[in-house]
Amino acid sequence: MVDVTLYPFSLEALPLIRHRSMLSNFNILNVVSPKGLGLTNKDCGEVDLGETLGFNIISDLYGSLEETNGLLLVSYEGDEQFDQLIISTIERTLQLGIKVYCFKKYSEKQLEKIRNMENSDLFIYGIYSEITSFYDNSDYVLNDLKWMDPRTLNQYTNNNNIILDTFRNRILTINTPILVVNGISERCDKFQVQLEIRKQLKQDGYRVSQIGSRQDANIFGMYSYPNFMFDNEYSESQKIIGFNRMVYEIERKEKPDIIIIGIPGGTMKFSNGFTNNFGIQAYLVSNALLVDYCIHCINYIEKEVHYYQMINDTCKYRFGYSVDYFCMSNTHVNWTETIQLEKVIREFVDSSKVNKALSKYKNKIPIISTKNVELAYAVIENVKTKLGEEENIVVI
Amino acid sequence: MKHSNYHIRLFKMPIGYYCYDVNTNSIIKVSEKLFNSLMNNELNAEVKYELDQLKQNGFLKEKRPTKIEHPYLNNLKYYLSNKLDKITLQVTQKCNFRCSYCIYSESTNDLQRSHANNVMKLEDALKSIDFLISNSCDSDSVDLGFYGGEPLLEFDLIKSCVEYVKSNYPEKKMTFSITTNGTIINKEIMDFFVKYNFYPLISIDGPKHIHDRHRRFAANGKGTFPILEKNIMFMKKNYPDFMNQISFNAVINPQDDFSCTDKFFNDFEELKDSMVRSAVIDDMYSFEKNFFSDSYIESNNYEIFKAYLYALGRYERSKVSRIAIQNLDDIIKLKSFLGVSNELPESMSHSGPCVPGQSRLLVTTSGEFFPCERVSELSSVMKIGNLHDGFDFDAASKILNIASITSEECKNCWVINHCIQCAKHADNIDSFSKELKLSYCKLSVSTIDSTMRSYIALKEIRCMYKDQIGEEIEGGVYG
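These protein sequence lines map, in sequence, to chains Y and B. Under our numbering, the first residue of the first sequence is numbered 1, with each subsequent residue one higher. Under our numbering, the first residue of the second sequence is numbered 1001, with each subsequent residue one higher.
Chain B on its own, in the form it takes in the complex:
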């Protein structure tokens, strides 16, 4: 009998043999013999009992979905008309920075807009707020975000928006957020943030020599770190209780010295009470793709290793990289989505796409709607409406159901429950491209493969310690 039709993924690990069962979305431990039998596609008498046991318990099904369609597709209009969670206002396209990796800085790039002097009109901003309210009656609370360019260049507009909300919609639970480079912050702005309970996200890439390599003033090309550092210290000194509401974001260039950046975030006292997030440069709409240096890979992996030791309760939290520890989030998220299900449904989509427009609708300075601020504003296929006409439900449907363009591949893909792709990966600016989407599959598969291996390793090592040393592992975050 051939096993090739079982919908599974096999993992050979130093500590054992495992099988991810796609239909039940669970990881099971198997014997070496069964593993080899499944791998070589041959049944033999030695594994028949184990194989039969697994099958009797609902594992090793051959079922694949017959149709690739997002389950929310039929209810999309309801979500967009009643359940908006957040609207992000692009209050300006102006910026006082010219960051080297900023996609808007590439003047010869037809994949994304460039920096410009466009500013959102007040009436459009207020209309966007009205839109958010009337389209969120089934959302308990919503968020109003401010984005740019550098949004604080239009602080008066932001003030007007917040005051409009407070006067006209005091009943709606609303939070306010802003993404800023932090160089324009002053007392008036901080008092305003505190008064209205803002959640700022401030960009800082690391120590001076790394930060200034990429983040420079537009006016004179000088580095921005000194002013930013001064402002952070000002915030810490005068608004210490508010610091835990501010998040800092580091854009990581994988050619830079990771250990330097890492040390900076661990040692910078003023950031101690704030959340630190990081992401590698988003090169999706750039001609210049990321290159991961050997030293970056080495340092990064070493820090991730220490984070895993912490997860096992064998290393102090204070010594773990604040950047590397985010890797644990991926494992915890995977763990929460592994579950007992009987089998894949007949019709489904790969995971990854959000409901476009529901979770973080971007309204540009000209009133156009996009699913988020990470997609190209030049893309005709990613546009999902505008302030005057409302949502373009057809366009939103195509984005939500993006898996349908690679349906045959997705039906047979073991990553279907955990895929990380969305419409952005298929965005060819004036059309959706199957080839482009498929080119990202390898990344998706390797990411999930790696996360599953880490999950298995942490789970099993915990048990190994208990068996070998005969003591419970104290502490740690990984149960």
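Just chain Y, with the same shape it has in the complex:
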């Protein structure tokens, strides 16, 4: 385990601090943020109005690097100008002979620039570490089946060793229970919920295989959401079959008790003006896998029970599965500003507001705040109840 300074801290990096005990390779000692982000001297937990975490955000990067053995460069939101500033920081850090563990996805052009820097051998592109790279390649979507275990493949070849056409476009059956975490949109604490569930299940002794909704999810020892799902080079059918193959292979190799899939993005458009990417990833995944349990994350909102019925129906008819548990985050969309500025404006509300909103639904719908420390326990009890009931049905 390496002692590291995490940089540049922003909202994106918050799950790494909140769940730092789940990082098996890194021990975060310092958290640094560029001064311009306005986070300096705040506690990390305050960034999303959550509980304090005892980690003060500082601005002196090189001072804090002296206390650690590496720079943990994490995912952030920023434009090209911001990328340039961070890449300059990488350059200076490498010049100092300090390792950089990079979990931010950069373009080939940016990577080439980094590879030409002094001490570039100290730059470890963690986002493509072994755990991810094996699966994040195009073999699955190209359907040439090189990745497949020969013994399995044998079942689908004819006497002349030619792979049957019917197999190429076939969705393979996954026997392990599949739990998905999706959300009404981005920024509704989906990844946090995935981490909480993972942690609790592992503590309870279950073997968990997991694909996270972020492309740097592999930092937690799970698989990152694969790039090919966003690649325009492949058709939707190829992506669906590719994702199915990927999960099939994970099941075969790891033999888990449960597979958790985090789905990036949202599940539906907000309006004609704000399409939320139409919930495309959720749709693709729903065609690749048969889902056994769904946790749906939503933004803070005060609505009646029939609103949740509507969301449930949308999931059911669009994706083929119902919502089993809702998780409400403390972010909400400011629609007045969103319409005025023509971009989605999200804000945080105090958790007490979320709790007040949820109190209306007690015993009516299964819903919990994403900031509730009992979240994982409550949801997993529900998972066990549901999947346990299905176990009682034996089909011969």
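Honestly, the hints are just simulated from the structure, not real lab data. Certain hints may be false.
Simulated restraints on C-beta separations [said to hold, decoys possible]: (1) Y/Lys269 <-> B/Ile1332: 22 to 32 Å; (2) Y/Glu66 <-> B/Tyr1199: 37 to 47 Å; (3) B/Lys1055 <-> Y/Phe230: 46 to 56 Å; (4) Y/Leu341 <-> B/Gln1245: 19 to 29 Å; (5) Y/Lys303 <-> B/Asn1040: 34 to 44 Å; (6) Y/Lys109 <-> B/Pro1226: 46 to 56 Å; (7) B/Ser1141 <-> Y/Glu66: 27 to 37 Å; (8) Y/Leu341 <-> B/Glu1163: 47 to 57 Å; (9) Y/Tyr307 <-> B/Glu1062: 19 to 29 Å; (10) B/Asp1191 <-> Y/Tyr307: 53 to 63 Å.
Derived pair list, reagent style DSS-like, types lysine-lysine, alpha-carbon separation capped at 27 Å [said to hold, decoys possible]: (11) B/Lys1383 <-> B/Lys1289; (12) Y/Lys356 <-> B/Lys1067; (13) Y/Lys343 <-> B/Lys1383.
A few chain B residues that face chain Y, going by a derived Cβ cut-off under 8 Å, partial list only [said to hold, decoys possible]: (14) Asn1074; (15) Asn1075; (16) Tyr1078; (17) Ile1133; (18) Ser1134; (19) Ser1136; (20) Cys1137; (21) Asp1138; (22) Lys1166; (23) Asn1168; (24) Tyr1169; (25) Pro1170; (26) Glu1171; (27) Lys1172; (28) Ser1336.
None of the values given here were measured: they were computed from a predicted structure. Beta carbons are placed, not taken as given, at the ideal position from N, Cα and C, and that holds for glycine.
Chain Y is fixed; fit chain B onto it per the hints.
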């Protein structure tokens, strides 16, 4: 049955009969019979079917809010601690002008400060910038504005501020803006503006005889137009690409010849690529109130009429007054806020108030905080904190929730979704006054009434043309 409880506003127009439904925030066309029935407060069998249809579709509700409270009130601390959009530094109270309508020029006025020699200290300016950064972590980008007096009298201070931002906060997306009378502008200043991508707003009131009537040098009382014109031509010649980043603002005196001012802005070649804005003299804190002459009203309305023709695609844009066309902005804004909602919430506030301090926090030379530069710096109720203590959240709450002082009136007011009032309209310097606020209601109602009528007219005339002439209206901005 009486209709008096429906929360609606009726409009009789030359082209038809309309009802603004407050709960759904939408305008619906009604028959003449129903209109008369609603107006006279009588139900009869002839209109029952139409009435029932509207009710079945969610219109004509009687609901009013039960509580007047701004929905952002509970989250105010979050907004002011994390979502500041802009800070305006009053770098100086000194000015090289003495404009006749300037509120700071009234020496006997207890409603607003006077011109003075106060200048912001550099350390306070830099502290203000630090404050902006630490209170805007959830804002994608922010603006740093410079104001006065005449801010360019403290150009060195402005330079130091910008350089401080660039050295210390290169990661923050920040724009820079400045409001100036334009007479001190030179090459060094323009090079600086271009280098740091400033957005200047320069004041010019119209042709020489109008501009100089009001905008004079403090030192000798002479008109300022010749120097300003020379500087504008200098900017146009040497920085032509930057001209589209400069805005010009005209303060209109409604006793002046509007058509003269209007023609000036249409004909002045050097302003062609720049945005032109205008506003009538702000008399809120003045003892001398605006008087609208008949000739001003006539000329202004004629130009607005031509702007409407343009909106319908029946008149060339180039022939439309650059000042009058701003009226279309009000209609487009109204259109964007009309929408389908089911009903008014239980608790709400009238529209109008911004989140005080969030959108354009003013920091005075002495480090005091005000919601914007348009309020009185003598007002104890409009002060929302200072550099050393930070925000006074209680004071900011009272400003944000100003509608609560007229709650009973607001609950029943049809303009609640579109009101244009804010705390400034209730500012009695040492207290908020319900009576003062209510005195502005008539203006608010008549403004929204007029805008809605214009909206309806433009919408319906477009359809009329299509029906009568049988052709699509080409062009125009109004869909």
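Going down the list of hints, with the structure as the test:
A beta carbon spacing of about 24 Å between Y/Lys269 and B/Ile1332 agrees with the range 22 to 32 Å that was offered as a hint. At about 42 Å, the beta-carbon gap between Y/Glu66 and B/Tyr1199 stays in the expected band of 37 to 47 Å. Under the hint 46 to 56 Å, the C-beta atoms of B/Lys1055 and Y/Phe230, about 49 Å apart, fit the expected range. Roughly 20 Å separates the CB atoms of Y/Leu341 and B/Gln1245, a value that falls within the hinted 19 to 29 Å.
With their beta carbons about 40 Å apart, Y/Lys303 and B/Asn1040 fall inside the hinted range of 34 to 44 Å. Between Y/Lys109 and B/Pro1226, the C-beta spacing of about 54 Å keeps the proposed range 46 to 56 Å intact. For the hinted restraint 27 to 37 Å between B/Ser1141 and Y/Glu66, the CB-CB distance of approximately 33 Å keeps it satisfied. The hinted range of 47 to 57 Å is not satisfied by Y/Leu341 and B/Glu1163, whose Cβ atoms lie roughly 29 Å apart.
For Y/Tyr307 and B/Glu1062, the Cβ-Cβ distance of about 25 Å falls inside the hinted range of 19 to 29 Å, so the restraint holds. Look at B/Asp1191 against Y/Tyr307: about 57 Å separates their beta carbons, and that is inside 53 to 63 Å. Note on B/Lys1383 and B/Lys1289: the hinted pairing holds, with a Cα-Cα distance of about 25 Å set against a maximum of 27 Å. As the CA atoms of Y/Lys356 and B/Lys1067 are separated by approximately 19 Å, the hinted pair is consistent with the 27 Å bound.
Note on Y/Lys343 and B/Lys1383: the hinted pairing is violated, with a Cα-Cα distance of about 32 Å set against a maximum of 27 Å. Using the Cβ-Cβ criterion of 8 Å, the hint placing B/Asn1074 at the interface with chain Y is satisfied: the shortest such distance is roughly 7 Å. Interface hint status for B/Asn1075: upheld, as the beta-carbon distance to the closest one in chain Y is roughly 6 Å, under 8 Å. Hint status for B/Tyr1078 relative to chain Y: holds, with the closest Cβ pair at about 6 Å, below 8 Å.
With a least beta-carbon distance of about 5 Å to chain Y, the hint placing B/Ile1133 at the interface is held under the 8 Å criterion. Look at B/Ser1134: its Cβ gets to within about 5 Å of chain Y, closer than 8 Å, so that hint holds up. With a least beta-carbon distance of about 5 Å to chain Y, the hint placing B/Ser1136 at the interface is held under the 8 Å criterion. Hint status for B/Cys1137 relative to chain Y: holds, with the closest Cβ pair at about 4 Å, below 8 Å.
Because the smallest distance between the Cβ of B/Asp1138 and any Cβ of chain Y comes to about 7 Å, under 8 Å, the interface hint for this residue holds. Against a cut-off of 8 Å between C-beta atoms, the interface hint on B/Lys1166 is violated, since the closest Cβ of chain Y lies about 10 Å away. This hint holds: B/Asn1168 has a C-beta 6 Å from the nearest C-beta of chain Y, less than the 8 Å allowed. Hint status for B/Tyr1169 relative to chain Y: holds, with the closest Cβ pair at about 4 Å, below 8 Å.
The closest approach between the C-beta of B/Pro1170 and any C-beta of chain Y is roughly 6 Å, which is under the 8 Å cut-off, so the hint is satisfied. Interface restraint check for B/Glu1171: the shortest CB-CB distance to chain Y comes to about 3 Å, inside 8 Å, so the restraint holds. About 4 Å separates the beta-carbon of B/Lys1172 from the nearest beta-carbon of chain Y, less than 8 Å, and the hint is met. Interface restraint check: B/Ser1336 against chain Y, minimum CB-CB distance 7 Å, threshold 8 Å, status holds.
The structure fails to meet hints 8, 13 and 22 from the earlier list, while all remaining hints are met.
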